[in-house]
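Colleague: Sequence:
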Amino acid sequence: MAASPSFRSAAAAGVLLAMVVAAVCLPGAAAQLCEDYYDDTCPDAYDIVKQVLMDAHQSDTRIFASLIRLHFHDCFVQSEKESPPNNGSARGFPVVDAVKAALEDACPGVVSCADILAIAAEISVELSGGPSWGVLLGRLDGKTSDFNGSLDLPAPTDNLTVLQQKFSNLSLNDVDLVALSGGHTFGRVQCQFVTDRLYNFSGTNMPDPTLDSSYRAFLSQRCPRNGAPASLNDLDPTTPDTFDKNYYTNIEVNRGFLNSDQELKSSPQAQGTTAPIVDQFAGSQDAFFASFAQSMINMGNIRPVTDPSQGEVRTNCRRVNGS
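Those letters in the sequence shown? Residues -31 to -1, 1 to 292, by mature numbering (1 follows the signal peptide of the UniProt record, and there is no 0).
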């Protein structure tokens, strides 16, 4: 990967923890993941990905948040885009196709689709005002897709106990949970994921009592009881297209859009676990940015496929080679 001056300087200046981890190849199962993996084989990879993303953003302001979501899903499971958590909501595949085509023109058969998503996620955060970090590379693409595996992804309706267990299953801790949830600081979400909180929380036929009353009134106008379930809303109504700490300041005043977001602060179990982390990030954008960068690296190291007998570099990111 070509590490542009801005890429390296931002990582060094703003995200010390990320730099320390990224400076060397990781031991053990992730031994092949290195920041400079493509320096010799595809030195312009980073710049190629960045140019395609900037072009795509001109016609689709949602694309950066969508690409982060794709990387998140790709790391948590070898997910299948038609499985329930992805079908109809995961987006950004045409842009991934465009990135892949550009990379294949420059260096055929070299850069994996998994690494494309990792690079694209970092660029998307940086171009939206967030931190940069040294992306560790060298993943291969899986030869199978797990339709049911994506059911283990964190869900909008999950309570804190379930969220913590899902992250713990992948050796991610509470800081990772709270920091990565901060990816909801931008992007859009469908009404269907908030209607229960507005009208029938936990089967009570009442709204979620933790939801701020004025925010609830606003959302009720946006998402009426019998309205269109796919209508889109800003996850962060204050700065919807900027990567910043406002996700946490919203949660502090009970304005988290998703139940899984508000659980990080309002759940009884959050006191002494995730709530203090929310408080810290709400008070310090630098702390959030540093932790988010480190947690993105941690997430990127969840069971990466590096064994050529188990993986490949796909020529088409939508299908296994030869299919």
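Any given hint could turn out to be false.
Claimed, not checked - Computed Cβ-Cβ distance ranges for the label pairs, DEER-style:
no., residue 1, residue 2, range
1, 201, 222, 15 to 25 Å
2, 66, 142, 27 to 37 Å
3, 272, 73, 50 to 60 Å
4, 174, 206, 40 to 50 Å
It is worth saying that the hints were derived from the structure and are not from the lab. Ideal placement from N, C-alpha and C gives every residue a C-beta, glycine not left out.
Colleague: Hints first: check each against the structure and report whether it holds.
Modeller: Verification of the hints:
1. 201 / 222: 15 to 25 Å: holds (23 Å)
2. 66 / 142: 27 to 37 Å: 35 Å Cβ-Cβ, so the 27 to 37 Å window holds.
3. 272 / 73: 50 to 60 Å: violated (26 Å)
4. 174 / 206: 40 to 50 Å: For residue 206 against residue 174, whose Cβ atoms are near 26 Å apart, the range 40 to 50 Å is violated.
Checked against the numbered hints above, the structure violates hints 3 and 4; every other hint is satisfied.
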